[in-house]
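Here is what each chain is made of, one letter per residue.
Protein chains: 2
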Amino acid sequence: MNINRQWVLAKRPFGMVDAGNFEYREEPIPEPGDGEVLVRNLYLSFDPTQRGWMEDRESYLPPVGIGEVMRAGSVGQVVESRHADFSSGDLVQTTGGWQDFVIAVPNQGPMGLTKLPPGVTPVMALGILGITGLTAYFGMLDLGLPKAGETVLVSGAAGATGSVAGQIARIKGCRVVGIAGGDEKCAWLREVAQFDDVIDYKKGSVSAGIAETCPDRVDVFFDNVGGDILQAALDHINQKARIVLCGGISGYNATEVQPGPTNLMNLVIMRARMEGFIVLDYMNRVHEAVPELLGWLQSGELIHREDIQEGFENIPNTLNRLFTGQNIGKQLLKLSDPS
Amino acid sequence: MNINRQWVLAKRPFGMVDAGNFEYREEPIPEPGDGEVLVRNLYLSFDPTQRGWMEDRESYLPPVGIGEVMRAGSVGQVVESRHADFSSGDLVQTTGGWQDFVIAVPNQGPMGLTKLPPGVTPVMALGILGITGLTAYFGMLDLGLPKAGETVLVSGAAGATGSVAGQIARIKGCRVVGIAGGDEKCAWLREVAQFDDVIDYKKGSVSAGIAETCPDRVDVFFDNVGGDILQAALDHINQKARIVLCGGISGYNATEVQPGPTNLMNLVIMRARMEGFIVLDYMNRVHEAVPELLGWLQSGELIHREDIQEGFENIPNTLNRLFTGQNIGKQLLKLSDPS
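Protein chains in written order, with our numbering: chain A, 1 to 339; chain B, 1001 to 1339.
Next up, chain A with everything else stripped away, as it sits in the complex (with noise of 0.2 Å):
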């Protein structure tokens, strides 16, 4: 294969994503440069903020281009390096892109260059101790502050996120409560990731079923959702609850301006705070939390789950996959098998 396969955002989507908002371009394999590395990317990461990406506005990072490659964080080999810290053969993680192959150098674009940790495989390296990984670590701990005994609620729960989040929780001696949709996820939930308790939003009011499933009401709301979802937990927070705004993909896809909160107060009465975050910020502190985490892995207190698709054509589709619900634990495509 001398020929780079690229999916370029073609047209800003409106609703959900359809291939239509994608080309298919082949080009040649780039050279690298002095300083440069190239990266054939073995797995992509697929993540609910690249709905974001997609769209003109202004936002943590710019938004990709029309014409561009789309964004998407990787794990790849390198296949040939002229930066002194990389040699062929390396496993790296970097936002490789919706294509075979990326020009990447160190401590540029919003994942920089960085070998895989011997032992980490390119699964966990996107997954649970890699971006997914780590925005549960820092949101749930630096902004949800759980302590043993509190009550906390996660939606988006059988989610990458969600599911790490909520784990580390209980691993933290809490009560916790997940959200999500349909008797598979939440059977997931409740005996393999061990949850204390679910609430399907499909099966009736998810109002109701924080009243039931939390009966000392919510100390810490993990949310990812937003939406009628954040309405219906800021109905129960306890006093002084820290909601840790992660995402609200309830949102990304919608064609209207989207109905706030009308509860807000709530946070007034409750003496309570919803605080937002980008995982991006925490790079600087990766060295705390994925020690923490491997230890849980090999404890067997914490566990992942992958949603493993294949074939450089169902990039687009796989997408859509977080957005419909498919997806249970980290979202990911595997282009090819190292070398």
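Note that these hints are calculated values from the structure, not bench results.
Each hint can be trusted.
The calculated SDA-like cross-link candidates involving lysine to any residue, where the alpha carbons are at most 20 Å apart (straight line), are:
hint, chain 1, residue 1, chain 2, residue 2
1, B, Lys1240, A, Ile278
2, B, Lys1240, A, Leu280
3, A, Lys240, B, Leu1141
Given chain A, work out where chain B should sit, using these hints.
The following block gives chain B in isolation, referenced to the frame of chain A:
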């Protein structure tokens, strides 16, 4: 006078409060039991939060019951004491309610019963050194965490709390912009309270006003208003901004559910925080606030203003002055001078 005039809650309000929500009653002056103190109210405090006390819903204090004297903070004078710590003639602060006389006990009720420190007038005790000043002090400093050089935006800026909160931020070296309605309030904020800039919400778009007056975006938003003004402020927050939810006066008299902000995801993008508080939680830290507030008053850095109505018959209508925007600074009603 040997009767105790009272305004009791007769009917829960729907929308703006009017005279029909209260009933005038005359009762005998109560007799203090052992450990109790009979206080004659001199000044009543009017606060937007009183509107919430009139509703039959869970909050940080139980609702005022139908047929009960309307709850209000007050300064009064001890008429008869059966408590060792109080003597006839003492000036005291308590939750006297809308009546001439009240039986008060230390450490009971929202405000307990405390003697005014020497040199503190009733007006100061209910305003700048009382709940209002303390709300501004702890809300701005503990939650707002203003740093010199930052931009601080205050809504309800000509009100009792907002005007003090803004001045505290200015004293701490911030650039302070106030939002208020009408020429008189805006001129007072600029010229007397020394705000750096002012936005008149009655003249044009608040969002455009914030963009213009806060070119470096908003680091701290001290919000007394909520609604559209909160939405506008959220569009202009800086990274790591702190939104202090002190109140939401725009919604207190609403007869329909008021829409929430549709742009809460800006808290994520800007890694920002929104936090509510109730000043009653800070009563054990009053000793931190009062000396610092007194120092600023003596140096002239901090000014205060009151709107003092008179007459027992005018009590119910005075509450509405807060909601129609008639008051500048602290709203009080004087029943009597100390004897």
